[in-house]
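Build out the structure end to end from the sequences listed, making use of the hints.
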Amino acid sequence: MYPNSKSVFSKACPYIDLGLVILFAYYSPTVANWVAPALGWETGPDFNFFEVITFIAWTAVIAVPFVLNFVGFYSRQNLQRIITAIRQLGTFAAYYLCAIAIYQALGKRHSDFYHHVILVNMVGVPLVLFARFLLSRIWARHISTDKDNLRQIILAGTEENIEAGWNSLPAHWRANFNVVGKAVTGQYTEEELARLIVDNSVAHLFVFGGLSSYGQNATAIHLAESLGLDIYIARAKDASNHMRVEVHDIEGKAHILSLSFTPEYSFPLVLKGIFDRVAALCGIICTSPLWLVAAIGIKISDPAGKVFYRQQRSGLYGKPFGMWKFRSMYSNADEMLAEIKAKYGNEMDGPIFKLTNDPRIFRFGHFIRKTSIDELPQLINILCGDMSVVGPRPLPTYETDEFPDLAHRRRLSVKPGLTCYWQIEDRSDSEESYRNMITKDLKYIDNWSLWVDIKLILRTIPAVLMSKGAN
Numbered sequence: 001m002y003p004n005s006k007s008v009f010s011k012a013c014p015y016i017d018l019g020l021v022i023l024f025a026y027y028s029p030t031v032a033n034w035v036a037p038a039l040g041w042e043t044g045p046d047f048n049f050f051e052v053i054t055f056i057a058w059t060a061v062i063a064v065p066f067v068l069n070f071v072g073f074y075s076r077q078n079l080q081r082i083i084t085a086i087r088q089l090g091t092f093a094a095y096y097l098c099a100i101a102i103y104q105a106l107g108k109r110h111s112d113f114y115h116h117v118i119l120v121n122m123v124g125v126p127l128v129l130f131a132r133f134l135l136s137r138i139w140a141r142h143i144s145t146d147k148d149n150l151r152q153i154i155l156a157g158t159e160e161n162i163e164a165g166w167n168s169l170p171a172h173w174r175a176n177f178n179v180v181g182k183a184v185t186g187q188y189t190e191e192e193l194a195r196l197i198v199d200n201s202v203a204h205l206f207v208f209g210g211l212s213s214y215g216q217n218a219t220a221i222h223l224a225e226s227l228g229l230d231i232y233i234a235r236a237k238d239a240s241n242h243m244r245v246e247v248h249d250i251e252g253k254a255h256i257l258s259l260s261f262t263p264e265y266s267f268p269l270v271l272k273g274i275f276d277r278v279a280a281l282c283g284i285i286c287t288s289p290l291w292l293v294a295a296i297g298i299k300i301s302d303p304a305g306k307v308f309y310r311q312q313r314s315g316l317y318g319k320p321f322g323m324w325k326f327r328s329m330y331s332n333a334d335e336m337l338a339e340i341k342a343k344y345g346n347e348m349d350g351p352i353f354k355l356t357n358d359p360r361i362f363r364f365g366h367f368i369r370k371t372s373i374d375e376l377p378q379l380i381n382i383l384c385g386d387m388s389v390v391g392p393r394p395l396p397t398y399e400t401d402e403f404p405d406l407a408h409r410r411r412l413s414v415k416p417g418l419t420c421y422w423q424i425e426d427r428s429d430s431e432e433s434y435r436n437m438i439t440k441d442l443k444y445i446d447n448w449s450l451w452v453d454i455k456l457i458l459r460t461i462p463a464v465l466m467s468k469g470a471n
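Under this note's numbering, the letters of the sequence shown match residues 1 to 471, in that order.
Each hint can be trusted.
Listed next, with one range per pair, are the computed distances between beta-carbon atoms: (1) 115 to 281: 43 to 53 Å; (2) 311 to 409: 14 to 24 Å; (3) 190 to 169: 24 to 34 Å; (4) 250 to 459: 35 to 45 Å.
No farther apart than 16 Å at their CA atoms in a straight line, the calculated lysine to aspartate or glutamate pairs in the EDC-like style are these: (5) 440 to 425; (6) 319 to 401; (7) 341 to 399; (8) 182 to 163; (9) 354 to 334; (10) 370 to 358; (11) 354 to 402; (12) 443 to 425; (13) 182 to 159; (14) 354 to 339; (15) 182 to 199; (16) 341 to 358; (17) 325 to 375; (18) 319 to 399; (19) 455 to 425; (20) 182 to 160; (21) 306 to 334; (22) 354 to 399; (23) 182 to 192; (24) 343 to 358.
Keep in mind the hints are simulated off the structure, nothing from the lab.
A quick note: this is a predicted structure, and the numbers were derived from the prediction, not measured.
We put the CB at the ideal spot given by N, CA and C, even for glycine.
Encoded structure:
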């Protein structure tokens, strides 16, 4: 990163905040006595630093550098919007409250004045941090008007991409840079670009057009890499916002740059896998009576067919697997598909076939579909690792082969599941489009967390009980 005064200050922000919080914690009893008359509190005794040194260690040494960094307060210091900083400090305050609560629970009984001091810290620390943020933001904006403090950059790409991409960036963000030239695709030589970089002490190269434009801008990128410039590649608007970039050292012999667009393999993802299998095993045991009811009902409805139906579905990255369901259609349903499509059409606007009153479904089949009992055998798929409890619904392989846009296969980049946003919010509602399903599946992939899974599971329960949108 370009070593100007702003970047040095940004790196120092965590240490400045740490000092401010320790200072505020030290003088918080004085502040408590100061606001006591206005709040009807009793004033307290002189402050004994050693009485609350553990509390200062909890709140300052642990909470400030780790929690603030975790909520992203330092990721774009002085560049993020004020509302973003407020939201981050609000999240920090919640963690801060938890730390205080744990300390209070483990500590001895304290006086009311001590509790008032804690409350002052609860409110005062986020306010102190916010004040520091505002002052540093104002200072950064002020020195941005001095060209000597700006970062010298070159913009690369086609004329259209450069103009659209650069103007789409916030004005206050662009104010941190001084554009000294453009490397317009096909309109410059390597020697000309090198001279522009050297003469202007350029620090950064901004490339517009997304990852697919690498070939068009290869000359500029390779030159910037050889000269040690920072390279920024603006991505397409419809691309995932959750790309991770990592450099892998292969036994000291090679370095590989990886771009990842799926949830990072982490402890929460391991917990998700453990939960899937435990939940599937418990689900099979608890719903075993329903399996018996379903088997009897299916055999009575269509004695010629089997109880279970196994269909080839697209799993992780499109790998086919056999998905189990209780059969809800007549045994010759697959042979009737072409005829049904020709006669009744398709209620979905994509490759997925859906018909509200599909004549291939027998009466008991409608019941087990409406109550989602037909989905229970998929617990076996979850137990075997082919599926997850939460994830995009696995589609038949012939439907994924007919995706109108190859980019829609990104929904296959995570393990499929029993439930997801589309199943909860729309399920089988025929007026909802195929594109809407894709959008909601990608929303899940881009925003995955254990908490998202928990919320979707909790939302699935009433959706199933009310048979929302099912047929």
